[in-house]
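Student: Chain by chain, the residues:
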Amino acid sequence: MPKKKRVAKIWDAVPGYDFIEEVDLAAIPSWFLDGTHSVPPLTPLFAYQWARFCSHGFKAACYKLGIPTCKGWEIRIFNGGIYCGLHIVRDQKEIAQREVKFRQALRPWLEDFDHLWDGYKKELLGIYDKLKELDVDRATNLQLYHHNYDLMEAYMRMWEIHFIGMYSSFNTWLLLEALTKERFGLSDQEAEFQDMMRGFDNKVYQMDKKLWEFGQLAIEMKLANIFKENKPPAILPKLKQSEKGKEWLKQFMDYMTTDDIGGWRMQHFTDFNEPYWLEDPATPIGLVKDNIMRGNSYDLEVTRVEIAKKRRAAIAAFLKRVPPEEKELFEGLIKLAGKASSYSEEHDLYCELSVHALMRRGYLAMGRKLAQSGTIDNPEDILMLNPDEIDRVIMVPEANDMRWLTRRRRAEWEKAHKTTNPPVLTRRASLEEAINLDLLPSRDAIAIKIVVGEMPQPKPKLKANLWGICGCPGQAEGPARVVTKYVELKKVQPGDILVCPSTNPTWTPVFGLVNGVITDTGGTLCHAAIIGREYGVPTIVNAQKATAKIKTGQRVKIDATNGAIYILDK
Amino acid sequence: MSPEKLIFSFEELGREHKQLVGKKCANLGEMLRMGLAVPPGFATSIAMYRRFAKETGAAAEISGYVSQLGQLKSKNIAVFDEMSRKIRGMIESKKMPPALAKMIASHYKELEKKGEAPDGAVSVRSSGTESRPGMFETYLNVVGIEDVLDKIKKVWSSAYTARAIALRVNKDIPVTGDELGVAVSRMINARSAGISFTLDPITGDTSKIIINSSWGLGEGVVSGDEDVDRFVVDKKTLKIIESSTGKKAKKVVNKKRGVEWGDVPSKQQSALSLSNDEVSAIAKLALFLEERLGRAQDTEWAINADAIPPDNIVLLQTRPAGLTVKKPESVTDRMIDLIVQKFYRP
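Taken in sequence, the protein lines are chains U and F.
Position 462 of the first sequence, counted from 1, bears residue number 462 in the working numbering, the numbering being contiguous throughout.
Position 175 of the second sequence, counted from 1, bears residue number 175 in the working numbering, the numbering being contiguous throughout.
No wet-lab data here; the hints were simulated from the structure.
Careful: at least some of the hints might be erroneous.
Claimed, not checked - Capping the alpha-carbon separation at 25 Å, the derived lysine to aspartate or glutamate pairs in DMTMM-like fashion look like this:
{"#": "1", "chain 1": "F", "residue 1": "K342", "chain 2": "U", "residue 2": "D112"}
{"#": "2", "chain 1": "F", "residue 1": "K73", "chain 2": "U", "residue 2": "E454"}
{"#": "3", "chain 1": "F", "residue 1": "K73", "chain 2": "U", "residue 2": "E192"}
What the hints assert, rightly or not - Partial list, computed: chain U residues near chain F (C-beta under 7 Å):
{"#": "4", "residue": "P68"}
{"#": "5", "residue": "T69"}
{"#": "6", "residue": "K71"}
{"#": "7", "residue": "L106"}
{"#": "8", "residue": "L110"}
{"#": "9", "residue": "D114"}
{"#": "10", "residue": "E182"}
{"#": "11", "residue": "G185"}
{"#": "12", "residue": "V322"}
{"#": "13", "residue": "E325"}
{"#": "14", "residue": "E328"}
{"#": "15", "residue": "L329"}
{"#": "16", "residue": "G332"}
{"#": "17", "residue": "R443"}
{"#": "18", "residue": "T552"}
{"#": "19", "residue": "G553"}
Built from N, CA and C at the ideal position, the CB exists for glycine as well.
Produce the complete structure using the sequences and hints provided.
Tutor: This is the structure we're talking about:
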């Protein structure tokens with residue numbers, strides 16, 4: 001043991017997963033900020049669960065699939081931000097051994113992705129149904145004690161499935177990109193490539209369509225004015241005042257409760273501190289309202305059909321350039337890469353958004369128990385504890401006072417909102433060196449295409465103010481709307497250019513509203529890029545400091561095809 | 001060797017001359033030094049191409065054209081096709097400068113005079129300083145000095161096939177970064193031909209010698225398009241431990257000029273294209289090359305129909321053997337192979 005004064009800090013924000021420089025930098029030389037999932041800062045309970053089980057999912061999937069060059073990631077929490085350290089396999093012999101397993105494990109995914117993913121979806125829905133069986137409001141302390149473990153077990157399994165699906169689908173996207181680049185000089189940041197990867201029918205789109213249909217239904221039932229004249233929270237009570245309103249609401253709530261996902265999705269992707277739809281139906285009702293406000297000119301169905309048509313034309317045009325003997329290979333790869341795009345989107349609903357909703361439900365119930373006994377100040381303070389601490393106090397809460405801890409952690413968490421996390425914690429000389437030595441040799445598809453992203457390549461001739469990479473090609477202009485939290489999303493106006501740290505599926509509906517999107521982080525397979533392509537909205541991702549450099553209200557022009565951002569009012 | 005000398009008999013060359021005449025020519029010279037049977041011939045140096053390009057103005061034309069193209073990195077294959085057409089035209093449309101034509105003609109005549117190419121038939125092959133399999137052109141059964149001069153220009157210009165340009169652009173090698181030497185050697189009237197490996201290209205086994213063989217010229221075996229006879233020889237005992245007959249329906253044969261695919265008579269289709277003695281002799285040669293060159297070899301050979309055993313085995317080229325990936329059976333296999341090769345191999 002080193003003779004340093006302090007090594008473990010067991011009562012810090014996220015015990016066991018707090019970043020401790022002298023220990024963690026010695027084990028893994030560089031830890032990279034996961035900017036996509038770290039803004040705003042995470043609550044300690046969420047950070048604990050994420051650090052523990054998301055990293056487990058990485059390691060389990062790398063083991064199961066035998067990823068030759070990477071054994072997964074470790075996660076540490078620093079100042080409310082997620083930092084990832086990769087286990088890179090550097091020994092050539094070991095890489096070769098892992099390759100044998102990888103070849104076997106990848107095959108079934110290439111042969112029948114849909115079937116395997118359907119099986120996993122069913123497994124997850126089965127786990128969620130069991131969790132839903134517990135009536136958390138009437139549960140005893142002992143039942144809640146067990147529920148804490150059931151939630152963790154569900155979370156563990158969710159992350160295993162999440163990454164097995166992700167690693168196996170992303171490899172084909174990467175291969176297609178490498179081959180089109182090598183043979184046809186075509187990268188995945190170009191329109192010709194991206195047009196082949198849009199217009200898929202998946203759960204995210206099906207749910208958006210359903211909400212759009214509920215808007216059409218409200219118009220047919222002559223309820224449109226209730227939606228137009230009221231703010232979302234007031235719409236629900238107003239609907240209850242008429243028979244027709246009650247009928248509409250019944251149909252709507254039926255969908256929210258009986259659909260596989262329905263209302264079991266979080267508003268905010270990476271934390272437990274905002275409600276899920278079923279808990280606060282004002283959120284999905286607000287989306288129905290947005291659809292009604294847009295009027296008849298907005299027809300989701302028509303846009304989608306056009307994009308799908310464009311996709312088929314783009315694939316046919318591309319295949320004409322492919323030599324006949326390679327046609328089958330490219331056709332197969334395009335199909336599989338399309339599944340990567342679709343999976344990247346759809347899995348969020350079946351994985352994170354659903355399970356986080358159930359975890360919020362369960363932990364808030366525990367929070368209410370603890371708050372009633374005075375163990376913590378209010379139910380939401382449960383988010384300042386971790387599962388071990390909850391385990392310790394939940395059986396006899398009245399005998400425990402945890403406020404000294406929840407108050408201190410809440411103060412720290414609030415303070416973290418005011419600071420920015422560095423992109424890397426490293427013992428290397430620079431960010432570039434850290435990337436070159438401790439990230440790229442992992443060949444990790446998820447790191448390259450989502451979490452860290454490829455670096456923008458400025459084109460000096462275009463004289464832009466900021467640079468990112470193309471998520472969805474096209475040009476757009478409009479007033480900037482800088483949004484860092486989901487709650488601020490309500491301020492977005494039609495025609496805005498949305499500027500944000502990153503987006504997630506809960507942000508999807510706003511893509512129907514804006515002229516363009518700029519994100520600070522992400523790669524060509526991140527959420528904003530995929531949804532930008534699905535909705536035909538010019539999108540630039542990985543623009544690094546866009547939210548810091550652009551102010552709401554400034555006029556902004558984007559040339560997404562070239563990754564160029566122009567600030568017109570300075 | 002004086003730097004002005006632009007053309008060499010194979011006898012003058014050895015493995016130290018890879019930069020001068022390219023790898024293929026240097027290796028042929030090296031094999032001759034070892035006393036092995038190599039078809040007689042000569043090599044034009046890379047400097048000869050440079051002189052040709054300078055004197056005819058082709059070099060200036062090409063560099064002028066390339067410099068106005070700008071960034072090529074993300075261009076598609078249609079652009080490279082167009083470049084290829086233009087640049088190959090710039091080379092092939094030039095007349096061979098008389099001084100160079102004279103040197104080549106004199107070496108070509110030398111081959112005829114020796115009585116070694118009575119009908120003047122030669123092969124004209126590319127010889128680059130870097131190994132770029134399948135990127136450049138080869139011409140077989142070339143007859144007459146005019147045709148030889150023409151085909152040498154065509155080999156030079158094949159440095160600019162669209163696939164070769166795309167490869168260089170993607171590897172950040174300058175567009176004009178491959179300049180070629182040329183090997184001109186007497187055509188062999190091959191009864192059978194093929195390849196030997198001193199390392200199993202699929203399993204990596206180094207205890208055996210693998211020989212693939214077919215009727216006619218070796219092209220069908222080299223390209224891997226045709227079913228072939230396969231022999232496995234134990235390196236220690238030199239015994240044939242396995243021999244299997246492939247159904248050899250087609251073979252590449254000489255026509256008056258150039259070559260063509262012809263039918264194999266039905267009786268010969270399932271007959272072995274090598275005798276046991278020939279297999280042993282080829283195995284010994286392969287082992288000899290491996291020992292002398294210090295690493296596993298992939299060697300092309302032919303059985304000369306006009307010579308009498310045991311002097312009828314001719315070596316056409318040798319190079320370090322590597323592992324080739326097993327020919328995949330399905331699209332899924334190819335995807336897996338490609339994913340592994342592109343992302344997970346150092």
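Student: Hints first: check each against the structure and report whether it holds.
Tutor: Hints versus structure:
1. F:K342 x U:D112: holds (22 Å)
2. F:K73 x U:E454: Holds, at about 17 Å.
3. F:K73 x U:E192: This hinted pair holds, its Cα atoms lying about 16 Å apart.
4. P68: Constraint on P68 of chain U satisfied, holds at 4 Å.
5. T69: Since the shortest Cβ distance to chain F is 5 Å, the answer is holds.
6. K71: It is violated, given that the least Cβ distance between K71 of chain U and chain F is near 13 Å, above 7 Å.
7. L106: holds (6 Å)
8. L110: holds (5 Å)
9. D114: violated (15 Å)
10. E182: Holds. Min distance 6 Å.
11. G185: This interface hint holds because 5 Å falls under the 7 Å limit.
12. V322: violated (10 Å)
13. E325: violated (11 Å)
14. E328: holds (5 Å)
15. L329: holds (5 Å)
16. G332: holds (5 Å)
17. R443: holds (5 Å)
18. T552: For T552 of chain U, the interface hint is violated, since the closest Cβ of chain F sits about 34 Å away, which is over 7 Å.
19. G553: violated (35 Å)
In this structure, the hints that do not hold are numbers 6, 9, 12, 13, 18 and 19, in rising order.
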